[in-house]
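Colleague: Chain by chain, the residues:
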Amino acid sequence: MLDNVLLGLQTAFTLENIMYCFGGVFLGTFIGVLPGIGSLAAVSMLLPLSFYLDPTTALVMLAGVYYGAEYGGSTASILLNLPGTPSSAVTCLDGYPMAMAGRAGVALFITTIASFVGGSIGIVMLMLFAPLLASFALSFGPSEYFALMTLGLIAAAGVVQGSPLKGLAMVLLGLLLGAVGADVNTGETRLTFGLLGLYDGISLVALAMGLFGVAEIISSINTHKSASKDMSVRLSSMMPSAEERRKIGLPMLRGAGIGSFFGALPGAGQSIAAFIGYAVEKRVSKDPSRFGKGAPEGIASPEAANNAAVQAAFIPTLTLGIPGSATMALMLGALLIHGITPGPGLIAERPDIFWGLTMSFWIGNIILLILNIPLIGIWVSLLKIRYNYLYPTILCLICIGVYTLNYSLFEVGLVLVFGALGYFMRLFGFEPAPVLIGFVLGPMLEENLRRAMLLARGDFMLLLERPITAVLLAISAILLIRIAVRIVGNARRSSVSG
Amino acid sequence: MKHYLALPVIAIFTSLATLGSSALASSDGVNYPEKPIRLIVPFAPGGPNDTVARLMTPKLSEELGQPVVVENRGGAGGVIGTDAVAKAEADGYVIGISSAGALAISKSVQDQMPYDTLTDLAPITLIATVPELLVTSPDVEAQTLPELIQWAKDNPGYLNYASSGPGGMQHLAGEMLNYEAGIDTVHIPYRGAAPAVLDVVGGQVDMMFADLPILLSQVKEGALRPIAVGSKTRSSALPDIPTTAEMGLANVVAENWYGIVAPQGTPEAILETLHTAFYATLTDPDVVAALELQGLEIIASSPEAFSDYIAQETQRWADVVEATGAILQ
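Chains A and B are the protein sequences, given in the same order.
In case it helps, the numbering used here puts the first sequence at residues 1 to 498.
In case it helps, the numbering used here puts the second sequence at residues 1 to 329.
The hints are simulated quantities; they were obtained by calculation from the structure and are not laboratory data.
All figures in this text were calculated on a predicted structure; none of them were measured in a lab.
Incorrect hints may appear among the rest.
[Claimed, not checked] Here are the in silico distance ranges between beta carbons for each label pair: (1) A/132 / B/155: 30 to 38 Å; (2) A/464 / B/316: 38 to 46 Å; (3) A/10 / B/242: 39 to 47 Å; (4) A/135 / B/250: 33 to 41 Å; (5) B/157 / A/483: 34 to 42 Å; (6) B/285 / A/475: 54 to 62 Å; (7) A/10 / B/31: 48 to 56 Å; (8) B/157 / A/474: 26 to 34 Å.
No residue lacks a Cβ here, since even glycine has one placed at the ideal position from N, Cα and C.
With the hints as extra help, turn the sequences into a complete structure.
Modeller: Shown next, in the form of structure tokens:
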């Protein structure tokens, strides 16, 4: 272990690798801040560069963009209610109210710290438990994923803020939107209206940018002013109060744990980790009513979760050699170009790559920490720009970002459609976050259930014979009963008092 | 420091700029090429088509004297990107690297095909073929194809096979095996090859056919057991693994392939220039070595031979779909 760490440090601490690491995380932060342009687009544009680089250096840079984007993603969520990446959409819920209350600096400071803590715990997991977590991930088959998604969907009910009925309606809308596209079992198209652009379903980025970003811009059309003219950006004004510092400690650790778990599962992802992190905090909180009004835990936990998840996502990719996401596929592509076929033997055969990369994560996270604290002042001062300059610029960035994903004008159109939908949802008091939850979890739940049922030849009881599945489904059932009891209790109380 | 950051920024701006410039330059073919050429990859970055494209573009750009820019347009199993080539202006500045699925199989399995390969596209060269490899999870006891088939016959309806999705080559290869060997293994579809391979490695699903390169490292590490290759001859990447024909199933033939296509109507002179450049690239020792490392069997055919091959493959897969009943619509 120590030898490996030393080898990794030796590899990571060359001037070239530090420079590329810095370049990667710096670019990643910006990509994350800019709504619509995600790490996938950025990494694919940088991939050709990796031809001219040493494979480890190439990976260090590309990985830097990837996790750097997760740091930056929350910035626009907090300042403008526009998530920079889909996984930071949940940060809007409490980050934006904090910014509205003139505490944007504090919120950004908390996300930076939470991101660093989450990232660090994710790296520790990668260093200590990569092979173990990878073999655990392999024991997750379709039925386990189905049970996990069921649990996630029920747990995420906590994200709903206002009327439970409206929240449920929005989750259902999300599930419906998630059903669009070619059915994975038969190839039969569902709800595509003959449009080839919908064959693979609606893109998550288009949906998130539309519902949150474009809708926010439309609703601000009548606002000519800037958000705030006199926001102080001194370090002292960014420091969370003693009470806030106390409040975010445990949520960060819980978020990081949740993120590491979901990140290590190749079939899950950062967005789920962030949603679950938020839902768990709301559930364990003594006063859940503070959530959605600027609770610091509501940004600390999901930010720690999504940053831990991006680091843990390297576990299945590097230990099994099978990419867990499109961006991971790109990074493996950077190795393939150099004739290195990543497989289960990568860690043993090329310890310099694995440990060099892992150690570069430390360098990258420390750079991000140092980089982001001074940047907070700059980001907050962005709010001084008048909306009539700021928003058209952001709208252009969203469109360019979505366009670069697939070079598809159709998807730009989708963003605008969802922007209009998001605007009307706002008018009638429907929240966008539950739509996103249904949209992300629904297809995974359905696909895995159908796969599990195919494997079990249609016998649902066989699923319950699998221990992980049974435990996860039992927890889901308990949660569901508790929610039902609470709703019935609330209804009784209100009928008694009314 | 600026220097390091400038590169990505330039990369972003040049790729955006090349998008817009296609409408501007003239296209009589005399001075072709006089601006960058877009090579459309109809899949997300990082996949096999993408890797093949990116391994060729440096040499190709050198041969053509203009940069060849890779543009990923994924979706609908390669159909959306291939359609973008078919609908592009036929001036030689948009070409695509497509494969068996979008060029030959989709026609038989998808009902909304927006183009017809043989009439809407001009084949330039068949780059390479890559065998489909049948692998099992190490938990499966059978070591050879006859053992596997015998086991499946003794335990009907027990084995499962994974695929990257319905109507793809992996699915059709599995159905072909069922049909030709007279066995009954159950299709478990996934969204893409990577999650499917993962579940075979994890023993959730017993076996699958997939492009050899994506399985190679798992096979070498013993995480997957190679059973047979679906190509007509053995693969140079795994010379010890027999073909399906050697194992008595001459009709189970499945190999993926990658080829370059241009929009139909591209001037003959331009097609000629492109073919010459691709031929030079595909005979360059460095490019050849890099591609062979990916498990590819390089062909570098003439446009006519590629055209015939597409016609042949289209017919063969149509027959497979009809015979096995693996029809979607």
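Colleague: Does each hint fit the structure? Answer for all of them.
Modeller: Here is what the structure says about each hint:
1. A/132 / B/155: 30 to 38 Å: About 33 Å separates the Cβ atoms of residue 132 of chain A and residue 155 of chain B, which means 30 to 38 Å holds.
2. A/464 / B/316: 38 to 46 Å: 44 Å, holds
3. A/10 / B/242: 39 to 47 Å: Holds: the Cβ-Cβ distance is about 45 Å, inside 39 to 47 Å.
4. A/135 / B/250: 33 to 41 Å: 39 Å, holds
5. B/157 / A/483: 34 to 42 Å: Once the Cβ atoms are compared, 40 Å apart, the range 34 to 42 Å for residue 483 of chain A and residue 157 of chain B holds.
6. B/285 / A/475: 54 to 62 Å: For residue 285 of chain B and residue 475 of chain A the Cβ distance comes to about 59 Å; the hint holds.
7. A/10 / B/31: 48 to 56 Å: 52 Å, holds
8. B/157 / A/474: 26 to 34 Å: 30 Å, holds
This entry satisfies every hint, going by the numbered hints stated previously.
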